[in-house]
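> Residues per chain are reported as follows:
2 protein chains.
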Amino acid sequence: MIGVHTFESYLVEKTAYIEQRLLPALEQQGVPENLYESMKYSLMAGGKRLRPMLVLAVLEALDKPIERGVAFAVALEMIHTYSLIHDDLPAMDDDDLRRGKPTNHKVFGEATAILAGDALLTRAFAYIAEAYMDRTDVSAATTVNLIAELGKRAGATGMVGGQMADIEGESKRLNLDQLEFIHRHKTGDLLIAALRGGGYLAEASEGQMEALTRYGVCIGLAFQIQDDILNVEGDAQELGKAVGSDADREKATYPSLLGLAESKARLDELIAEAKAALADAGIENSALSPLADYVRDRNK
Amino acid sequence: MIGVHTFESYLVEKTAYIEQRLLPALEQQGVPENLYESMKYSLMAGGKRLRPMLVLAVLEALDKPIERGVAFAVALEMIHTYSLIHDDLPAMDDDDLRRGKPTNHKVFGEATAILAGDALLTRAFAYIAEAYMDRTDVSAATTVNLIAELGKRAGATGMVGGQMADIEGESKRLNLDQLEFIHRHKTGDLLIAALRGGGYLAEASEGQMEALTRYGVCIGLAFQIQDDILNVEGDAQELGKAVGSDADREKATYPSLLGLAESKARLDELIAEAKAALADAGIENSALSPLADYVRDRNK
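As you go down the protein sequences, you meet chains A and B in turn. Sequential numbering from 1311 applies to the first sequence in this note's numbering. Sequential numbering from 1311 applies to the second sequence in this note's numbering.
Wrong hints could be hidden among the right ones.
Same chains, same names: a pair is fine if it fits in one copy or spans any two.
Claimed, not checked - Lysine to aspartate or glutamate pairs mimicking DMTMM-like chemistry, simulated, CA-CA at most 20 Å apart:
{"#": "1", "residue 1": "K1416", "residue 2": "E1478"}
{"#": "2", "residue 1": "K1416", "residue 2": "D1403"}
{"#": "3", "residue 1": "K1610", "residue 2": "E1329"}
{"#": "4", "residue 1": "K1350", "residue 2": "D1487"}
{"#": "5", "residue 1": "K1482", "residue 2": "E1343"}
{"#": "6", "residue 1": "K1350", "residue 2": "E1478"}
{"#": "7", "residue 1": "K1411", "residue 2": "E1548"}
{"#": "8", "residue 1": "K1482", "residue 2": "E1560"}
{"#": "9", "residue 1": "K1374", "residue 2": "D1537"}
{"#": "10", "residue 1": "K1574", "residue 2": "D1444"}
{"#": "11", "residue 1": "K1482", "residue 2": "E1583"}
{"#": "12", "residue 1": "K1585", "residue 2": "D1403"}
{"#": "13", "residue 1": "K1585", "residue 2": "E1520"}
Honestly, the hints are just simulated from the structure, not real lab data.
Chain A extracted, bound-state conformation (with noise of 0.2 Å):
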């Protein structure tokens, strides 16, 4: 079991691997300039980079090397990157501010902003097919597998589906339900993606994939209830965002439809949910353990 102390250093240094990764994967040749700057802006921001590391703790949990699942890991980020570049845009969720600096589309305007996002997008699947066609250790059916998951996981079935229906939601009283239908495909989906991924790429039996979505949409769901439990009790600094505002716009949240004693309980339940699916494919001694403790105990 890796203690408190160990995992802030694995959390160091798994960023720091991950992070020096990502600029690579967008350099080609024949970008126009201002497109580059506008992506690298975004993609170099900062940010938990946890379904990276998801991605890479499944493939140690397996005892299989993390290098396989750095392409994989990459391009979960991208997409992660071009969702938040288009959520922020003044047709959607109209945000300023992003980790403390501002969103894209103010530094780059909006055209440019969501040429961006798609570039991102794009780019993401075209560099799993590209980066796997050279390594002898991934089979192409893996790759084919890692793309049809990843794009379930963040279509129409997936993530945009879940921003869809967050918008629509807005105008309207939502029941806890409809929140977790929400959560489940904004936020989740793309977290199972990084675990299934993770699975395909480290050989993983049917039993041990059962259990790594099982852990996927447990951490998902409390991912969102962390969430918004910060946007009441954290600290705007820290976040990089404003606080309070889920309130001020009378956004139905878990705080909001269950009170924050519970939902602070529910988000125990399922962390302990998260750990027992763990259990059940034998791999409880991984960081993934302390991964899903991270998800609740996190101030950011």
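Please build the complex by placing chain B on the supplied structure of chain A, with the hints as guidance.
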């Protein structure tokens, strides 16, 4: 050689064949209704279906079953459609009309239009992966090649890069090289992806791949020159959009840079070169020949 009359029936038959394959590729469980309607609205809004047609024509030219090309053809049309939805947005070209119908954001609003574009782009890659996974006549390695090719031609180094250059060029006086860069990428690259993708699926030789690429470069530029000519000489009713708008906006076009007569001469040259490429590959007696003429002779 396919005659003019026969080619007209060919176009009608192939368009119908493609159109009936588009909608089933969108149907998935769990897509928010409004998002699905928005995706469907633009995907089924008509159009020449030129990119899918090129895929099928390459397979025919190389004596392979066209059924093998359907999933890739459908994916190309999804990507072409998403690019039109995003190009029409207020922050981009701000168009109200496309193919004689209100543009996507005019019907569904900007947020949904952005998400429908994102979802179509994502679905394109997922669909290729899913559809070819189940086919025994297309290897996983070929599927990976298709995705790499499409990603390269559709993204920052291709179509999106061309659109970026186009937007940046609006405020500048462009020369012919700059204009060709824009069109080569904005329009040409996706046509090249169609042809090379067809080539991968048909197990084309290296020489045939080169010829298909050259053919694609030529018809891509030819397509754009004819577009520019139609904006001067075309019929607004047939086109489903306004004519004379390029001149009104003082937009750099082939007619504005070369004059109308010279533009037409350049168009003829490009079509002749496209056909020469086919002859080099021994596939001049295929629908690819009249398709090149069609790019020039179309009135919409």
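> Now look at each hint and say whether the structure bears it out.
To see whether the hints hold, each was checked on the structure:
1. In this assembly of identical chains, the alpha carbons of K1416 and E1478 lie at most 20 Å apart only when taken from different copies (17 Å versus 24 Å within one copy).
2. When the C-alpha separation of K1416 and D1403 is checked against a cutoff of 20 Å, the pair qualifies both within a copy, at 13 Å, and between copies, at 19 Å.
3. In this assembly of identical chains, K1610 and E1329 lie within 20 Å of each other by CA distance solely inside one copy; the values are 18 Å within and 48 Å between copies.
4. Taking the shortest Cα distances, K1350 and D1487 never come within 20 Å of each other, neither inside one copy (37 Å) nor across copies (27 Å).
5. Within a single copy, K1482 and E1343 get their C-alpha atoms only as close as 42 Å, which misses the 20 Å cut-off; across copies the closest is 16 Å, which meets it.
6. For the homomeric pair K1350 and E1478, the shortest alpha-carbon distance between copies (18 Å) is at most 20 Å, but the shortest distance inside one copy (30 Å) is not.
7. When the C-alpha separation of K1411 and E1548 is checked against a cutoff of 20 Å, the pair qualifies only within one copy, where the shortest distance is 13 Å, while the shortest distance between copies is 48 Å.
8. In this assembly of identical chains, K1482 and E1560 lie within 20 Å of each other by CA distance solely inside one copy; the values are 10 Å within and 46 Å between copies.
9. For the identical chains of this complex, K1374 and D1537 are neighbours neither inside a copy (32 Å) nor across copies (53 Å), given an alpha-carbon limit of 20 Å.
10. Within a single copy, K1574 and D1444 get their C-alpha atoms no closer than 46 Å, and across copies no closer than 45 Å, so neither meets the 20 Å cut-off.
11. Taking CA atoms no more than 20 Å apart as the test, K1482 paired with E1583 passes in neither setting, with 31 Å inside one copy and 59 Å between copies.
12. In this assembly of identical chains, the alpha carbons of K1585 and D1403 never lie at most 20 Å apart, being 34 Å within a copy and 50 Å across copies at closest.
13. Proximity of K1585 to E1520 under the C-alpha cut-off of 20 Å is restricted to the intra-copy arrangement: shortest distance 13 Å within a copy versus 54 Å between copies.
Checked against the numbered hints above, the structure violates hints 4, 9, 10, 11 and 12; every other hint is satisfied.
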